[in-house]
Amino acid sequence: MTTAAKRPIRAVVVDDEELSRTLVREYAAGHDDIEIVAECANGFEAVRAVNDLKPDLVFLDIQMPKLDGFEVLELIGPDVGVVFVTAHDDYALRAFEVHAVDYLLKPFGPERFAEALAEARGRLARRERTPSARVAASARPAGTYLRRILIRTGARVEVLPVGSVDYVRARDDYVGVVAGGTERLKQQTLAELERQLDPARFVRIHRSFLLNVDRLTRLGPATRDSYVAVLKDGTELPVSRRGYARLNELL
Amino acid sequence: MHPILGSAERRTLYLASWTVIGLLVAVAWSAANPEAGIVAALAIVVPPCLVQGFVCLSAWYVCRAAPLGARSTVRTLAMHTGAGMVAAAVWVTAWAGWTRVLGGLPAFGGIPGGGSPAQLAAVFAAGVLLFWLSSLLHYLLAAFERSRGAEARELGLEVLAREAELRALRAQIDPHFLFNGLQSISALTGTDPDGARRMCLLLADFFRSSVRLGAEEQVRLDEELAMVRAYLEIEKVRYGPRLESEVVLESGCGSSRVPPLILQPLVENAVRHGIRPLVEGGRVRVAARCDEASVHVAVRNPIDPDATTPPGTGVGLANVERRLATRFGREAIVRRKRDGAWFEVDLRFPRIESAGAESRPHVQPPAVADARRGGER
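Residue numbers (the numbering used here), protein chains in the order written: chain A, 60 to 310; chain B, 21 to 397.
Keep in mind that the hints were calculated from the coordinates and are not lab data. C-beta: ideal position from N, C-alpha, C; glycine also. One thing to keep in mind: the hints can contain errors.
Derived DEER-like restraints, expressed as beta-carbon distance ranges [unchecked claim]: (1) A:H158 to B:A172: 40 to 46 Å; (2) A:L310 to B:K357: 34 to 40 Å; (3) B:K357 to A:E174: 44 to 50 Å.
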């Protein structure tokens with residue numbers, strides 16, 4: 060490597076098994092251009108560590124407590140290279156879709172680790188990023204709907220089960236997810252989130268509103284061309300003519 | 021499908037046998053008519069014999085209409101006699117017509133046209149006899165085919181049952197368990213070689229007994245629980261202090277019989293879906309007890325009460341249910357309970373003791389097995 064390799068790669072190891080983390084650390088010790096800056100035992104710790112330490116690379120297990128590997132990836136954003144480390148080969152396709160740097164199958168040897176590291180060096184030198192929309196889409200297995208919405212504020216992660224969400228509103232580049240009367244901002248478009256949610260539960264009642272139909276109590280006319288949805292907590296939301304048609308179709 | 025017409029090989033054999041029959045009849049005929057040469061005898065006898073051979077194929081339809089044992093013997097005999105007489109009439113007519121045709125030719129001059137009534141009566145009797153022979157042949161073929169079909173079906177069923185059982189057994193142990201175990205060993209070799217060796221031995225013991233028990237039709241409850249302990253021991257190396265375990269067996273129950281590896285999927289689920297998603301981990305508890313009639317095993321583990329992640333596909337538990345149902349029918353009960361932060365699977369199935377109510381005689385009762393082991397020493 061040329062001058063670009065002078066600064067070592069800063070990496071975080073995320074695995075709920077201590078032995079597995081030890082092994083990555085041991086393999087990394089054999090290379091002088093990589094430095095392990097943190098070890099994390101679960102998804103929350105991983106998001107915090109990435110937020111605080113801004114590493115170049117994450118060695119990421121997939122099945123972990125709290126957040127799985129793909130959810131962590133969705134939350135940490137596209138600036139970090141990811142090497143998945145798992146005993147399961149059935150996530151390889153999803154890993155490929157999110158442009159993972161590499162996919163290490165447990166158990167793996169130092170040679171395989173060196174290959175992954177070489178690939179990471181190349182990626183970092185070319186400054187390739189992971190496209191985030193793809194990451195969000197692959198955070199759940201194909202053919203299923205989102206079960207929970209992840210919201211990150213700085214290093215803090217909140218996990219909202221979709222059943223607890225009242226409605227979602229569009230706010231420029233963000234969406235406001237309202238649950239229990241509190242709104243939380245998430246960087247995503249409303250259309251993107253709508254695609255990930257179960258259409259039998261969440262209905263786009265308006266250009267800017269996505270409603271959890273369980274929360275609806277009453278639907279009334281507002282003007283000649285529009286309606287208003289009244290939620291269980293008394294909140295009133297605008298309903299467009301197309302939204303009204305969609306609601307009628309579902310109910 | 022006709023058993024003879026349906027196969028080229030049998031058709032050839034059948035034609036060959038009728039040629040032989042034709043030759044024999046020709047020899048008999050030339051003995052009765054010494055004035056005609058053997059060539060004339062062959063010319064006269066062989067063609068009607070081939071016709072009769074063809075006619076006798078119809079015996080199969082009689083055999084099919086009257087399978088052996090399906091009707092009274094008298095009735096079956098009557099049917100074959102009737103059919104035989106019709107066939108013999110065709111054969112006599114063919115015989116008489118053919119001799120008359122040949123008698124008109126100058127080369128065969130002097131041959132009695134149509135034959136004498138006594139000769140024709142002998143030919144008729146031979147015709148009935150040949151038909152009966154053919155009936156016998158067809159009965160034999162039918163029986164042969166039936167037994168071959170039954171054999172094939174039985175083999176097919178056995179293969180299917182074996183496959184199902186193997187599939188179920190293979191599903192008992194998740195292959196990732198091995199990969200993760202090897203990863204642990206790989207990690208330990210650097211930092212704790214003694215630990216690595218211990219892990220190798222644990223894995224070896226576990227897989228050896230899984231192979232041994234998996235080959236049995238049923239195993240002792242205490243053997244099954246020893247497997248569970250070995251499994252949890254290995255997972256403890258992986259999960260460290262996050263996994264605690266407790267395996268309890270009520271005294272006096274150890275010799276009860278259980279299907280091999282029936283608890284394995286439940287304990288695996290308890291670790292994978294119970295302990296793994298918990299940051300702090302927890303304790304897996306396996307408790308087995310029994311009363312007069314039944315064995316009761318409970319597998320209990322903590323779960324994350326807030327978890328919205330899917331609880332797994334349930335393949336393991338469904339497998340356990342199916343295996344118990346095939347073995348015990350409605351007498352096996354599988355219940356799952358979820359209360360707050362705990363999940364429990366309860367199995368209850370009939371108690372079968374090693375001696376006494378042994379339903380599968382080829383499984384050695386332990387007393388005998390022990391004696392045998394003693395003898396080998």
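These are the hints, each one checked on the structure:
{"no.": "1", "hint": "A:H158 to B:A172: 40 to 46 Å", "in the structure": "violated, 54 Å"}
{"no.": "2", "hint": "A:L310 to B:K357: 34 to 40 Å", "in the structure": "holds, 35 Å"}
{"no.": "3", "hint": "B:K357 to A:E174: 44 to 50 Å", "in the structure": "holds, 48 Å"}
In this structure, the one hint that does not hold is number 1.
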